[in-house]
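**Q** Given the sequences, and given the hints that come with them, work out the whole structure.
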Amino acid sequence: MSVPVEVIFKRPEALRDRPTHYCPGCPHGIAHRLVAEALDDLGLRERAVGVAPVGCSVLAYNYFNCDFQEAAHGRAPALATGIKRGRPDTIVFTYQGDGDLASIGMAEIIHAANRGEKITVVFINNAIYGMTGGQMAPTTLVGQKTTTSPYGRDPEQIGWPIRMAELLSTLVAPVYVTRQALYTPQLVRKARKALHTAFRLQAEGKGFTFVELLSSCPTGWGMTPVEALEWGKEKMMAYFPLGEFKKPEAEEGGKK
Amino acid sequence: MTRVLMKGAEAVGEAAIKAGCRHFFGYPITPQNEIPEYMSRRLPQVGGTYVQGESEVASINMLFGCAGAGVRVMTSSSSPGISLMQEGISYIAGAELPVVVINMVRGGPGLGGIQPAQSDYFQATRGGGHGDYYTMVLAPSTVQEAVELVMDAFDLADKYRNPVLVLGDGIIGQMMEPVEFPEREPALVDKPWATTGCKGREPNIVKSLLLDPYELEEHNRKLQQKYERMKREDVRVETVDLDGAEVVLCAYGTTSRVCRTAMERLREKGVKVGLVRPITLFPFPEKTIQSLDPKKVKFILTVEMSLGQMVQDVKLYTEGRIPVHFFGRTGGVVPTPQEVVREVLKRLGKEVEK
Ligand SMILES: Cc1ncc(C[n+]2csc(CCOP(=O)(O)OP(=O)(O)O)c2C)c(N)n1
Ligand code: SF4
Chain A
2 MSVPVEVIFK RPEALRDRPT HYCPGCPHGI AHRLVAEALD DLGLRERAVG
52 VAPVGCSVLA YNYFNCDFQE AAHGRAPALA TGIKRGRPDT IVFTYQGDGD
102 LASIGMAEII HAANRGEKIT VVFINNAIYG MTGGQMAPTT LVGQKTTTSP
152 YGRDPEQIGW PIRMAELLST LVAPVYVTRQ ALYTPQLVRK ARKALHTAFR
202 LQAEGKGFTF VELLSSCPTG WGMTPVEALE WGKEKMMAYF PLGEFKKPEA
252 EEGGKK
Chain B
398 MTRVLMKGAE AVGEAAIKAG CRHFFGYPIT PQNEIPEYMS RRLPQVGGTY
448 VQGESEVASI NMLFGCAGAG VRVMTSSSSP GISLMQEGIS YIAGAELPVV
498 VINMVRGGPG LGGIQPAQSD YFQATRGGGH GDYYTMVLAP STVQEAVELV
548 MDAFDLADKY RNPVLVLGDG IIGQMMEPVE FPEREPALVD KPWATTGCKG
598 REPNIVKSLL LDPYELEEHN RKLQQKYERM KREDVRVETV DLDGAEVVLC
648 AYGTTSRVCR TAMERLREKG VKVGLVRPIT LFPFPEKTIQ SLDPKKVKFI
698 LTVEMSLGQM VQDVKLYTEG RIPVHFFGRT GGVVPTPQEV VREVLKRLGK
748 EVEK
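Line by line, the protein sequences are chains A and B. Residue 2 is where the first sequence starts when you use my numbering, and the numbers rise one by one after that. Residue 398 is where the second sequence starts when you use my numbering, and the numbers rise one by one after that.
Keep in mind that the hints were calculated from the coordinates and are not lab data. No residue lacks a Cβ here, since even glycine has one placed at the ideal position from N, Cα and C. Please note that the accuracy of each hint is not assured.
Claimed, not checked - Partner residues are not named here, just some residues of chain B that face chain A (Cβ under 10 Å, in silico):
id, residue
1, Val454
2, Ser456
3, Ile457
4, Asn458
5, Cys463
6, Val468
7, Thr592
8, Glu599
**A** Here it is, written out as structure tokens:
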């Protein structure tokens with residue numbers, strides 16, 4: 002007698018079956034999976050064009066199973082603008098770190114948001130430059146030690162960490178701006194929902210959508226993966242509050 | 398085909414539209430604002446899109462995205478803006494994307510001035526940004542030629558999957574001349590590599606990153622083969638009266654017009670003078686320079702609106718067989734025919750009138 006077998010967990014179609022180069026315990030893998038699940042759930046994979054940043058996720062195009070372009074450092078929103086304007090039927094998303102998006106690419110992100118480009122921006126905030134070896138990022142917390150803030154970030158000298166979701170939510174054009182975190186299974190489920198909302202709104206042609214995901218960098222932070230998640234939950238979430246900063250009126254609890 | 402009187406900049410814009418370009422991204426800068434202004438007016442009328450980027454850095458990267466999606470796309474700017482675009486042009490060359498970039502060159506360095514210049518020759522013909530690459534460079538000398546070269550630029554960009562620069566200046570852009578637009582359908586080609594969504598095929602990836610040094614070397618060699626092919630198949634040059642010439646002027650764009658006037662006066666004075674006018678600055682018409690006869694040509698005089706940039710190529714390809722001299726004005730000053738005449742007569746050891 003055969004027992005009926007049901008698959009309850011499998012790789013999303015929008016991800017390739019390939020080992021990643023990320024460090025053990027790095028949340029980039031989780032974030033990739035959440036994006037891929039949103040594309041799968043909404044049936045968007047075959048229309049999707051991703052834009053990879055310069056940063057640890059520079060090779061994201063090797064892991065996603067959809068069309069991709071690889072941008073210069075910080076320019077992903079400009080590439081995304083060109084792709085979406087050239088091919089309005091595509092579903093365009095960027096996947097960017099904090100150095101990429103909030104430092105060298107600040108002009109590109111603000112103006113893509115302000116033009117209301119119909120794209121989705123996935124912003125991985127790990128408060129550090131992972132790829133280049135743990136230097137200070139524009140989102141590095143006050144007092145946080147990095148290889149270029151060896152005495153801890155000093156706001157007198159270099160200013161305060163930038164809150165991107167809040168900043169972008171002051172603009173008129175963006176339709177959805179949220180900050181979520183990847184530190185616990187509950188938080189990951191909420192992040193998954195946020196990405197689903199963002200891609201759905203793009204598919205509906207609503208406008209610019211932005212999902213910031215508080216992440217960790219065990220290697221750059223000099224912690225074990227578990228310590229890093231704890232530190233993120235305690236320190237990152239204290240300075241970077243979670244929430245939906247902007248939502249279309251029609252959405253539940255949304256304000257314009 | 399009808400002839401219409403048109404300003405150079407607007408003719409450039411219309412030529413792009415005739416070539417099937419429906420997307421323009423750019424940032425204002427004098428002396429080329431009439432191009433984005435024209436595109437912002439015309440593109441919506443033909444179902445296209447004009448986006449004013451927040452900077453030249455953003456604009457060129459919008460071109461990357463759009464060209465990567467398989468769509469004909471153009472930007473225009475002037476020298477300081479083109480410097481900012483070098484990042485994107487390097488990435489575009491690396492990713493092998495077809496784009497058209499117009500540079501209405503102005504005086505530099507720095508903010509320089511807004512008057513016509515040819516001082517971006519080095520930047521244009523040596524790649525311009527970082528890495529082992531070249532862009533194709535076309536240099537029109539009339540509004541009519543600007544129209545034809547802009548239309549050709551789109552075809553050449555597609556042929557080579559490479560950026561094509563059109564190098565003009567404020568004079569070409571501001572000049573009103575009669576033009577005829579060639580009646581031809583845009584030669585749109587299939588772009589199976591473009592990121593259009595992967596329905597029914599494996600995903601396409603558009604990128605310039607090759608971390609393996611052997612792979613990158615192989616890629617650079619492949620790019621090199623394209624440049625060699627450009628040299629074989631797409632060099633363009635106009636020559637005037639080279640037969641029996643004792644003096645050969647070499648100039649492109651606006652200065653070639655100055656030289657033509659100078660040549661008339663020199664002929665009146667009995668000087669046998671010819672002209673080499675490169676139309677493609679890269680690939681440079683090396684064979685034309687190499688074929689000049691050292692027994693007949695006393696010297697070549699390169700005339701530029703710079704302090705001597707193209708002259709280096711002319712010297713390179715004469716390989717020391719013929720003396721090469723230089724005359725130029727810079728900073729936005731246009732040389733006069735009289736100045737060119739005097740320079741030639743002086744070099745010939747002839748009486749120079751005051
Ligand atoms: C123009 C330019 N400047 C600098 C670099 C070097 N660089 C590569 S990645 C990076 C920082 C990436 O940090 P982040 O965006 O936070 O991403 P993460 O690596 O943390 O995921 C820098 C500065 C580059 N590639 N290009
Ligand atoms: S350096 Fe940090 S962000 Fe980069 S892969 Fe490792 S853990 Fe992840």
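**Q** Hint validation: B:Cys463 versus chain A, beta carbon distance must be below 10 Å. Holds or violated?
**A** Because about 4 Å separates B:Cys463 from the closest Cβ in chain A, which is inside the 10 Å limit, the hint holds.
**Q** Hint B:Ile457 vs chain A: min CB-CB distance below 10 Å?
**A** holds, 8 Å
**Q** Quick one, is the B:Ser456 hint okay against chain A at 10 Å, beta carbons?
**A** OK, holds: B:Ser456 within 10 Å of chain A, min 8 Å.
**Q** Under 10 Å is the threshold here; is the Cβ of B:Val468 close enough to any Cβ of chain A for the hint to stand?
**A** This hint holds: B:Val468 lies near chain A, its Cβ roughly 4 Å from the closest one there, short of 10 Å.
**Q** Regarding the hint that B:Val454 lies at the interface with chain A, is the smallest CB-CB distance below 10 Å?
**A** holds, 7 Å
**Q** Regarding the hint that B:Asn458 lies at the interface with chain A, is the smallest CB-CB distance below 10 Å?
**A** The hint holds - B:Asn458 has a Cβ within 10 Å of chain A, the shortest such distance being about 4 Å.
**Q** Using Cβ atoms only, decide whether B:Glu599 comes closer than 10 Å to chain A, and label the hint accordingly.
**A** holds, 9 Å
**Q** With a cut-off of 10 Å on the beta carbons, see whether B:Thr592 makes it to chain A.
**A** Holds, about 4 Å.
Hint violations for this structure: none, all hints satisfied.
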